[in-house]
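Below, each chain spelled out in residue letters.
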Amino acid sequence: MSRRGRTGAAAIAVAVGTTGLVAGLGALSGGTLALGLALVASTVWLGPRGARIAGTLLGALVVFGVGRAAAGPIAGIVLALVLGVLAYRSLPTLVMRRIAFLVPSLVLLIYTTTLLMYSAPGSPFARERASTPQVEAALRAHYGVPKSATAFFGIYMRRLVVDGTLGPSIKVQGRTVEQLLAPALPVSMTLGLLALIIATVVGLALGLRAGLKPNSASDYASMGLVLLGVSLPNFVVGAALMIVFALKLGVLPVAGWGGYRHLLMPAVTLALPYAAYIARLARGGTIEVMQQDFVRTARAKGVSERDVVLRHALRGAVLPVVSFLGPAAAGILTGSFVVETLFDVPGVGQWFVKGAINRDYSIVLGTAILYASLVTAFNLAVDLAYAWLDPRVRGQT
Amino acid sequence: MDRTLLGIFTALVAALLLVGLTFSRSVDPPADFRFNNQSEAKTLDPHLINGAPEVRLGEALFEGLARRDPKTMHPAPGVAESWDISPDGKRYTFHLRSNARWSDGHPVTAQDFVYSWKRLLDPKIASEYAYIIFPIRYAEALSTYDGHADSLHGPITKALTAFIAAHESGVDAKEWQKFLAKNQVNDPLRRESDATLEELLTRRDGPVAKGELEWMLGAFARVAAHLRAGANEARAHFGVDAGVVAVDDRTLIVELRAPTPYFMEVLAYVPTLPVPRWVVEARKEKGDWFLPEHIVTNGPFVLKRWYVNDHIRLERNEQYWGKNEVRLHAIDALSSDNDTTVLNMYLTHAIDWDPEQYPHELGAELRKRSDMILTPGMIVYFYRLNTTRPPFNDRRVRKALNLAIDRKPIVEKILGLGQTIATTLVPPGMPGYQSPVSDVTFDPPRARALLAEAGYPDGKGLAEMGILYNTNQGHKAIAEFVADQLRRNLGVKANAYNQEWQSYIDTVRSLDYDIARFGWIGDYADPNTFLDMFVTNGGNNQTGFSSSTYDRLLRTAADVSTLIDGSAPLPEGLKGESEIAALVEAARHAGPGQTLPALAKLRLRLLTEAESILVNDELPFIPVYFYVTANFVSPQVRGFYGRLHFDDGTTGPNLQDIHPLRDLWVDRTASLAP
Chain A
1141 MSRRGRTGAA
1151 AIAVAVGTTG
1161 LVAGLGALSG
1171 GTLALGLALV
1181 ASTVWLGPRG
1191 ARIAGTLLGA
1201 LVVFGVGRAA
1211 AGPIAGIVLA
1221 LVLGVLAYRS
1231 LPTLVMRRIA
1241 FLVPSLVLLI
1251 YTTTLLMYSA
1261 PGSPFARERA
1271 STPQVEAALR
1281 AHYGVPKSAT
1291 AFFGIYMRRL
1301 VVDGTLGPSI
1311 KVQGRTVEQL
1321 LAPALPVSMT
1331 LGLLALIIAT
1341 VVGLALGLRA
1351 GLKPNSASDY
1361 ASMGLVLLGV
1371 SLPNFVVGAA
1381 LMIVFALKLG
1391 VLPVAGWGGY
1401 RHLLMPAVTL
1411 ALPYAAYIAR
1421 LARGGTIEVM
1431 QQDFVRTARA
1441 KGVSERDVVL
1451 RHALRGAVLP
1461 VVSFLGPAAA
1471 GILTGSFVVE
1481 TLFDVPGVGQ
1491 WFVKGAINRD
1501 YSIVLGTAIL
1511 YASLVTAFNL
1521 AVDLAYAWLD
1531 PRVRGQT
Chain B
235 MDRTLLGIFT
245 ALVAALLLVG
255 LTFSRSVDPP
265 ADFRFNNQSE
275 AKTLDPHLIN
285 GAPEVRLGEA
295 LFEGLARRDP
305 KTMHPAPGVA
315 ESWDISPDGK
325 RYTFHLRSNA
335 RWSDGHPVTA
345 QDFVYSWKRL
355 LDPKIASEYA
365 YIIFPIRYAE
375 ALSTYDGHAD
385 SLHGPITKAL
395 TAFIAAHESG
405 VDAKEWQKFL
415 AKNQVNDPLR
425 RESDATLEEL
435 LTRRDGPVAK
445 GELEWMLGAF
455 ARVAAHLRAG
465 ANEARAHFGV
475 DAGVVAVDDR
485 TLIVELRAPT
495 PYFMEVLAYV
505 PTLPVPRWVV
515 EARKEKGDWF
525 LPEHIVTNGP
535 FVLKRWYVND
545 HIRLERNEQY
555 WGKNEVRLHA
565 IDALSSDNDT
575 TVLNMYLTHA
585 IDWDPEQYPH
595 ELGAELRKRS
605 DMILTPGMIV
615 YFYRLNTTRP
625 PFNDRRVRKA
635 LNLAIDRKPI
645 VEKILGLGQT
655 IATTLVPPGM
665 PGYQSPVSDV
675 TFDPPRARAL
685 LAEAGYPDGK
695 GLAEMGILYN
705 TNQGHKAIAE
715 FVADQLRRNL
725 GVKANAYNQE
735 WQSYIDTVRS
745 LDYDIARFGW
755 IGDYADPNTF
765 LDMFVTNGGN
775 NQTGFSSSTY
785 DRLLRTAADV
795 STLIDGSAPL
805 PEGLKGESEI
815 AALVEAARHA
825 GPGQTLPALA
835 KLRLRLLTEA
845 ESILVNDELP
855 FIPVYFYVTA
865 NFVSPQVRGF
875 YGRLHFDDGT
885 TGPNLQDIHP
895 LRDLWVDRTA
905 SLAP
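Chains A and B, in that order, give the protein sequences. Quick note: the first sequence uses the numbering used here, first residue 1141, plus one each step. Quick note: the second sequence uses the numbering used here, first residue 235, plus one each step.
If we strip away everything but chain B, and leave its shape as in the complex, we get (with noise of 0.2 angstroms):
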């Protein structure tokens, strides 16, 4: 035979072989349930997620005090059978289930618990959601003090030590502010509550002369002094005598600083759920403890197999308390991230769920499926306004950018889904919670009388407004039309531009923009979480925005029982002054039992206040819209709610677009068709 067919045959015959090898890695017999879990979970690590896919998971493995009713999304009693709370609603009380186990048989204890919020607390492990318990007493000064001292005694103090010497006759105010913003000074000071340091972080015109910035230097020793003792004191009490305490194993009392009404909430969301002591000790040197091979899981379900980019494969934890309410044995999770091929998945039955992927220029045509399920979401998009840069540091200029904004094309024309205009910052449906009446509308002519009382008429003298959002073919669209509409209704001349991820955060967060979108997802269902945002200095604010009053009323809120004994008045000149001086009598002469309600009333009145600086007065950015969250569910999945069933026979909608996976099942005998 001739030597070139022979070549070729050889090769073919090699090539085959090789393609018969890569298959006789094991496959799993088909699970009971499939879905596509959005993307690639970046780990499994309770207090190391950030995302949605990794939520699903981390929720179906591990379980915490308290889990989510699927029904309600209350919380339902989890690893703790019951609990009970102290009258001044501080002091929560846990009874552990004498037969909650880990998969490999050990009890789950109260000191379980203890050693996961230590954890979860640890500057170490780097934890982005540490601060969803730092309600509890002695969190926030376990995690972030040691941190902040440092900063004060290094980095901070250095800077300034550089900023009096380069500025030896005192400095302007607006020097000065750009100085605290750019070494983040504001974060390590905002628990120190001193008049002057305070006028002096706040002074934004006139002079700072050079005795106040080496006063500052002498401030900053001290602060850190007082940082550097209160960590000492959080690690010697938190987990011991204070903050969380293991009374024995099936007891655990914790210790609030102040009432915290959305606290159990907290207690069912995966950053504080316990992780098994003895592996994540045992893996530290590799930090690979949540992989198939060694990770041992309290909750509903174990990890059975983890296929990179495939799939992953949970299956039922048979030494789970409430295993006979489970009723899957194996569940897929694919990572497909893929819009389109993701759908088609669904179509042929190869899934039988598909959150959020489709490809959305479809939205229209797929929203007439009765099994495209469409829920409210507790996620608002808008854009940042840049209020450290000219001209949008004038809030007339940020209020005409608002009002020349006709949102009703975005949401009807470019989205199409059922999303609602935003016109404040909170999205609808928080409970107890009511968003202040709102003067972001659709006013071209005001819009344009506010901007020519800026100095702008007309939009002259204006430079050209870059509208920055990252790389999305959706946020490119509204981008554009928003820029369409900056040009027809205030002559303003803006230009929309786009940045993959990971560049976009750096940008935003250094401030290098003029007006860049965002997303807001709520970690809880509680108004505080979008609120907090915008607090002065606060990490992700973004927008160099700073009012002292908001701040004061966010810190308020957060331990209402300042405002009742009186210890700290209320900022002056608020809107709702007097109806909020009702709730405070009502909340102090409030009888046995009423006190926690009155002021859970105060404590959302007053964020009520605060959000109304933000959308009348202030405006620090533009909202756009609320999201509507998109699920494809089989007609032959059962206990899965977008509308939540609640116990007094009323409904709403499921904002937080959780689906326990623990509470849902496949009837293969119902119809395929939708």
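Next up, chain A with everything else stripped away, as it sits in the complex (with noise of 0.2 angstroms):
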């Protein structure tokens, strides 16, 4: 089967999978749902032309979109003008056609969520106190949250495409959810990026190492090592390392946020886990590079053993790292739940829990947006980073 076929066929997988899971929703909701993800599904079997089209116009009105909300209608129609042609022009259809996967995908994700907190127990607007039906009726007003969910899924979209806002937050009140989401990604980012930079090159580093002399000493020490990584629990290394540095010490601060002295204990907690991963990783792909012929070639024509690593054995660790590293870098720059709370840091990661927790729909649906965005966006870039590592797959869109 090609690349192409297997891709639809999992989709459809998963649109019987989902319809299945919500049937309980209702006819028209899950009828809605299979639609809706046949539509996502069958942008896989455009063609490459019909691909940049769809990529160009979906692409335009998610730029039309955004750079309105920023900068006004004129600016918008100007920036998704110029960048509709240039994407036309010069982008690879690759990158086209997750474009016209995304958006629709997007509009469906919303749908999809929509439909579950619905039907989740508990209201937003659930209060310890008493309150009456018009105290309710008015907030439900006031924050465009009806109580069917096909109402809120249309006031919603409308908000997003007309107005270009992810909606007022229910639980922090006078803000939208944009102006919570905009300040702690950075904030995210900048931990979870030092996270990945330390997960890397120590991985790599412990990886290679073990790679190298399979079922050595040294082998052995890194990968114990590496069992260590993966079992620790977060919050546990985090509270060791809180423990050691902070309390006996006295070296680092206990949490908050400010400056690169409170990055430090977070990120390498944030960073432990993916290093182990890595490591294993790495480990495998040096095995396996270093047992093939154009190793050996090397070896035999007398290039040194320095090199023999540093050009060979290193591009077979980093290859399924770098795959790896797509979805992992995802999921670290939206932030951990764990550490931000455990050193009280203002990431976006926070949100995804207490927005479930306070079923501030707007919050859930705001950082749901922002995950499956960074997600497709990663994949693609793993998917360029491949094509320009490895001649293999160069050519093969």
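Just so you know, these hints were derived from the structure itself, not from any lab. Please note that a few of the clues may not be correct.
What the hints assert, rightly or not - Computed footprint of chain B on chain A, listed as stretches where at least three residues anywhere in the stretch have a Cβ under 8 angstroms from a Cβ of chain B: (1) 1318 to 1330; (2) 1379 to 1388; (3) 1392 to 1402.
What the hints assert, rightly or not - Quick list of the computed label-pair ranges, beta carbon to beta carbon: (4) A:A1209 - B:I319: 51 to 59 angstroms; (5) A:G1390 - B:S604: 20 to 28 angstroms; (6) A:L1372 - B:D356: 53 to 61 angstroms; (7) B:L596 - A:S1444: 52 to 60 angstroms; (8) B:D882 - A:A1322: 54 to 62 angstroms; (9) A:K1388 - B:P908: 17 to 25 angstroms.
Stated by the list, open to error - Derived lysine to aspartate or glutamate pairs resembling EDC-like cross-links, with alpha carbons at most 16 angstroms apart: (10) B:K358 - A:E1276; (11) A:K1287 - B:D740; (12) B:K520 - A:D1303; (13) A:K1311 - B:D522; (14) B:K520 - A:E1318.
We put the CB at the ideal spot given by N, CA and C, even for glycine.
The two chains are supplied separately, each in an independent frame; assemble them into the complex guided by the hints.
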């Protein structure tokens, strides 16, 4: 089966599964959902030209929306036109195909999330103290959260497309979701990037070292460390670091945000499990590449061991890591609830959990959209990086 | 250089650049005082505040007619420099300071209060605390009558019409009561005094004829019309010539429905604080007037910065009339909700004050520290019993459950911070109030006897009971202990289960539970704030409990003058009948200046009688314990009172656990050792 065929089949499988899952939500919602999924899945079969056109149109639409919300309608139109033309002429079909896939997927994501949110017990307006039906009605009208999921979806989409906003947060009064996420995202990204750097450097070094001499003492030592990193949960590592560096030694602040000193402990905590995973991938990749004919040839023709490692082993080690880094980056950059709560970091991770617990529908949707867009973007980046790193993949778009 | 290495290298450099960029946002110089405010403030609009973290900030940013004296918690002059109270206790005249100003320079005027209180009562604002000023004439009418009339006209009439159609030949009273509860009929009818109506609403046995149901339909229309007229009257008068009147810029007159002993305390409480009309109106569309870029305040502090989930920076308000009394120039309020992290920050001196947050399993260990300040709180922990469901509709069963639980291990082993066993609803320490002697004790033989009497000897014939709590380790431990006690001492099967907060609220409100835990925090130091919970179909009742005697006692207590002039006789068969009659006589013949104290005494005695119905006769709940509040306060902090020091030299616990930021300061030269 071709790659495209497989993706399509997978999408249909997901469609059928999800539809079954939400069948309890009623024929209308279920039907709409199935239709939407089929539509999204069908973008996989678009031809190259179709994909380019669909990608350009949908991408321009999004650019227009964002541009207008940020700088006004005229700027939005200009931006959408310029970027649209540029994209159509110069972006690879792979990218255009992803855009054509992403935009309808997001709409579907919003719809599904809405259905699921509404089927969860409890409402954002349930309060501990008594209130009257009029109070709830007033609040529902103010926040645009009617009692029917479909009506909410309509209001939300209109707000998103026409007003270009993710809507007001219900629990954090006076702010829109974008006003909450915008300052939090760079915080999470900073922390995430640093963690990714630590994880990649440490993981690659450990994995390479282990993979070059499999089953040696240093292999076992490295892999023992890796096992520790995978199995120790974040909150244990974080607490241990806190005890040693903040409480006993007093060299780092316990928690908070404001300077690089606040960054170290959470970044290391966040990086550890990723480093361990990367080390395992890198070790496997190294072992595999070291058994290849071209390595033997290189050695036979007298290439120094250092060059063998740097030119061949490293590349073998990096490839599996790169494909892991895509989705991992999306996860790590949008923050971690545990680490952010433990170290009192004002990042995005907290909103994922708080939004759901508070039934703050706008926050739930906002974080879902953010996460989905990032996952898609990073997967795309990985595919592009692959093409750049591995000659075998190049041209196969 | 190799592509691979180059790629990794470029990514690294780009990443580091971005890391540097995020720190470019402005960083404040360190504040004089840092504390953790328990969680992120949801709002700073005084009319919408409903939690302790917001109250702390709200009372630092705004100042009402009165404020709280940190040493005594008694009302002290705020925006009003003095006030006079009429002899009948119903009319307050406030004289505002000439130098009270908003942070933008506007003077604070009497009109600001009229505007603010109208806004507080506005149903569109949907304030949870509007009821706090219902003692003011016309306030309740302004806030609720229109809504009630709408309900009666619309959904309730519609539901009753359908109900009549479905029950052509009349209906059983039990079915009728279910209908009333489901459609929240009593609430809109609460203010109407009509004997036939009252009888129909409280009928619990026998049939309800079709004719009576149809009469009810007419009554709804009549009451709705009354309510509508009442609302119109309130709109015409409140803030104009009655209720609240701004005589001039610096004189405000407040008229009460009945003497309310705790009224001055209400005026220091967040919902009654003034808001800047010109800012609120300008930001109406967005509803964000309280964000740092817009907000104007009249209290000791201004809002400098608000980084969500990080910290809020307050700075001293240079326009504040009493700025010379404010010693802190800058305050940081952090918003971490992780108990361990907050305690660690406190222990490393990163914060000076940690209210309430520490890993609770370390309570016994931490208690040894002298900087952990423990104070009895005005909070009761209890289990609601769903009195609409068998077997809980039988008061013998409810009492049996109450008598079968040994509360001592709960406060000593599970909690261990000096919490006290609760056998009543109202926590001890309410000024002037004495809770009744309670029948609730630990007495398993009597509990078993009561259960047998109700027809369930040794728990036979009882289905498994569910004990619902909102997800929390502490509640879990107690719920499981209670389940175990019921099994051991009564032979009753009970299962503790949890739901997360938003679902749990819904479940309890729709009476879809057997036993459900709750904690109730008093809004002001008066038993009324607890007892009001259990009035028939009151929004916070949530047990289905109803007693007309209880309701009448509370209604009479709200305006004891009706008892003095004989317009509302006491319900019959009260235990303390003779004692109350003596107090009525005493109030009737009190000398000049003695009437108000006599009325206050009578009022509290009526409330004691009402509480006695709850804890001795009806038991719609299982009281468990009274909270202790915990504060970690750095030894360098001054002006923090865990115990209050009254003017007469006595001391008492700071029941409300309120510590105004206005009056705190820090002596950095003092030793940090606790």
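Taking the hints in turn, this is what the structure says about them:
With a threshold of 8 angstroms between beta carbons, the proposed coverage of the region 1318 to 1330 of chain A by chain B holds, since 7 of its residues qualify and at least three are required. Given a C-beta distance limit of less than 8 angstroms, the hint that chain B covers the region 1379 to 1388 of chain A holds, as 4 residues qualify and 3 suffice. Taking a C-beta to C-beta cut-off of 8 angstroms, the region 1392 to 1402 of chain A contributes 8 residues in contact with chain B, enough for the three needed, and the coverage statement holds. In this structure, A1209 of chain A and I319 of chain B meet the distance hint of 51 to 59 angstroms, their C-beta atoms being roughly 55 angstroms apart.
Distance hint for G1390 of chain A and S604 of chain B: a CB-CB separation of about 22 angstroms, consistent with the stated range 20 to 28 angstroms. The given range of 53 to 61 angstroms is respected by L1372 of chain A and D356 of chain B, whose C-beta atoms sit roughly 54 angstroms from each other. As the Cβ distance of L596 of chain B to S1444 of chain A is approximately 59 angstroms, the hint placing it in 52 to 60 angstroms holds. Checking the proposed 54 to 62 angstroms range against D882 of chain B and A1322 of chain A shows it holds: the Cβ atoms sit about 55 angstroms from each other.
Checking the proposed 17 to 25 angstroms range against K1388 of chain A and P908 of chain B shows it holds: the Cβ atoms sit about 19 angstroms from each other. Under the criterion of a C-alpha separation no larger than 16 angstroms, the hint pairing K358 of chain B with E1276 of chain A is consistent with the structure, at around 10 angstroms. About 15 angstroms separates the Cα atoms of K1287 of chain A and D740 of chain B, which keeps this hinted pair within 16 angstroms; it holds. Between K520 of chain B and D1303 of chain A the CA atoms are separated by roughly 14 angstroms; this keeps the pair inside 16 angstroms, and the hint holds.
Taking the CA atoms of K1311 of chain A and D522 of chain B, the gap is near 13 angstroms; set against the 16 angstroms cutoff, the hint holds. For the hint pairing K520 of chain B with E1318 of chain A, the CA-to-CA distance comes to about 14 angstroms; that is within 16 angstroms, so the pair holds.
In this structure, every one of the numbered hints holds.
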